[in-house]
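Protein chains: 2
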Amino acid sequence: MSDFQSNIKGFRVAGVHAGLKKDGVLDMAFVVSDAPCSAAGVFTTNQMKAAPVLVDIEKLTASQTGYRAVVVNTRCANACTGDQGVVNAREMARYAAEKLGCDPVQVLVMSTGVIGTHLPMEKIRHGIDLGSVGLGQDWEAAARGIMTTDTRPKFASTSVALSGGTVTISGISKGAGMIAPNMATMLGVIATDAILAPEAAQSMLASAARHTFNCIVIDGDMSTNDTVLMLANGASGVSVTSPDDLAAFNAALFAVSKSLAQAIVRDGEGVTKFITLNVQGAPDDAAAHQIANAIATSPLVKTAFFGKDANWGRIVAAAGRSGVPIVADRTQLWITAGSDLWLTDDSLHLFENGMPTAYSEATASAIFAEPDVSILLDAGMGGDGKATIWTCDLSYDYVKINGDYRS
Amino acid sequence: MSDFQSNIKGFRVAGVHAGLKKDGVLDMAFVVSDAPCSAAGVFTTNQMKAAPVLVDIEKLTASQTGYRAVVVNTRCANACTGDQGVVNAREMARYAAEKLGCDPVQVLVMSTGVIGTHLPMEKIRHGIDLGSVGLGQDWEAAARGIMTTDTRPKFASTSVALSGGTVTISGISKGAGMIAPNMATMLGVIATDAILAPEAAQSMLASAARHTFNCIVIDGDMSTNDTVLMLANGASGVSVTSPDDLAAFNAALFAVSKSLAQAIVRDGEGVTKFITLNVQGAPDDAAAHQIANAIATSPLVKTAFFGKDANWGRIVAAAGRSGVPIVADRTQLWITAGSDLWLTDDSLHLFENGMPTAYSEATASAIFAEPDVSILLDAGMGGDGKATIWTCDLSYDYVKINGDYRS
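Keeping their order, the protein sequence lines are chains A and B. Numbered according to the working numbering, the first sequence spans residues 64 to 470. Numbered according to the working numbering, the second sequence spans residues 64 to 470.
Errors might be hidden in some of the hints.
Since copy identity is lost for identical chains, a pair holds within one copy or between any two.
Restricting the straight-line Cα-Cα distance to at most 30 Å, the calculated cross-link-like pairs of lysine-lysine (DSSO-like) are [to be verified]: (1) 321 to 449; (2) 85 to 371; (3) 371 to 84; (4) 186 to 85.
Hints listed in this document are in silico derivations from the structure and should not be mistaken for laboratory results.
Isolated chain A (complex conformation) (with noise of 0.2 Å):
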């Protein structure tokens, strides 16, 4: 899903130097539509939100229809910024307007970079000048037009095939730093050349990104910027109507946003660790989410985790002060080598009875040296409750990007 080729149709992207960074490095990228999309948008619960979301979010809640495209810039997260800050979202996306030759009602914006300084229209402008020019099937080109600390590209792509034909689904995805529950520093744009009635669009991407944007962690900061947008065109002439046809097209945006989220973890900021982290045996799912939170949050779990040491101490500790009434006598644990794993034949057992097992400390650091591990913690109250959330240690490179990101 990752090399960066894309079989959807009636989509272009672009990603530009508009010379928001220095030395040529892409910092703009362009979706754009041929024809009009539906259109569905998660975003940032922060109280701090910025102006391309607050912009957005007043244009999809006066329309779920009718878009043309997605334009992106770096380097300025166009949050904190007040007044001044609407309006030039607004102008960004009047501007792209004009030069894709469309109204601007049908242009969303993101931004993504520092907090708390003003676009650089002129820059703005060069960099929609050059998009507009520039569209075509470079989706790593987008890809590298929306990084900011992140080390690599992130793309996914996949087709589907429905009762009426195959579909595409393509996306791209930025985050690295301020990662957590609720999207923290993290935008996504996800093309799709089916047809889909915006309700349907809105309602498969929020519970995509429940389960796959919003259930990563690197840092628990939530940025005033996240934002995932869809757009769904119809080039394929496909409707996705049928029961079986949502379930299968669902199943296959999942699969997309959850490999652009995975994908955010393993690039996360001084990441040397990936983190499958399962919680069962809570009463209900929030409550999973809530334990798996606390462990996935805190900093002496991350540094153990960077330690490469079997800790299962921090864990069982950040579980027991998550504000959940686990019951210690009955938490039990298990890690296992790997992603993605729950209970396998090769997981290791822990711990139990309110104390460790006689597990090898040998075996458990072998575990531990892997680049990819999974752990399992049961809370031993007997619900149905469960949840994973991907997460990542925390690194001294992590404390040298974040200490010096703005000077």
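Guided by the hints, dock chain B onto chain A, whose structure is given.
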């Protein structure tokens, strides 16, 4: 308050090398009263409570009078140790009582260190043998005897003149990692020679802890072992009963607790900067505390402190995701060089009307270059709620210490 001198009457203390740590380092501490004491305790709210926490809670629930001693060991937390852990904690108290010539119910115990290993009872008994015959006025040794990754012993003492005479309050504490509201890996023992009713002792200790020990954040984690105990032996002959005397004692207890709590932050793992984080303009104190805690536990904010970066954007973004519906356009932010400062003539106004002020970067950088910085965030919600949290930066050394701790 920190030259390790105490005027307290009727208490003797010790710090000994039981052999839990290497090379003669002090690893157990004793606070012993000649006469029976009123006792009060506040404990971790972690569901994974360590055995000594369970044992002390059981004792204090049964009675808050008659206590003679607190015995503390380091190196082993006796947490996640099942039924055997409770047996060992009880035996630690029983053996200390035997050596001190009192009843096991008169002895409280504390443990700190690694989770999931059993107390080495031979060494514990050896330490008790040494401590019971080495009691005196060496508060520095006692303060050293409870240290884990702390680099400095923590002690505070004050005497206060009441209507019936002078009473003294002396305390020791340890912290370092895993410190968060609700007293993560944090131990404190406070002794006073005042005559205190157990109910008054409990309510004053709980109140002091709520505003001091529970207002410090190092990494947002909370341990299985956190405990603050207070013993009042009445050896001064001075009762604390009148409203004026209660208020004066309360203020003195608050001062000792604040000194011990701030010392924990200043000596936090890898700490280079001491931050006083004030929040006002929230609907109530709990909401203000919630906002302050979101800022204080944000890795992005903490790494910016380490990088000496006046990155107000991360501060307001963390406030924005706290769950309190702060008003973006009415939120304001000031920074001031120094600790425990609210708004002064030297405060620099960084943020208002949803955007940065035209502040001087040079002035902001100069303030953030100081080791002590005070921050004031007005949440713009027009309420009387306010809160103060003392916190610190997140440095390379924090990662190093916690990546290596167990191995």
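We went through each hint and held it up to the structure:
1. 321 to 449: Within. Shortest intra-copy distance 17 Å satisfies the 30 Å Cα cut-off; inter-copy 41 Å does not.
2. 85 to 371: between (37 Å within a copy, 24 Å between copies)
3. 371 to 84: Result: close only across copies, 24 Å inter versus 36 Å intra.
4. 186 to 85: within (12 Å within a copy, 62 Å between copies)
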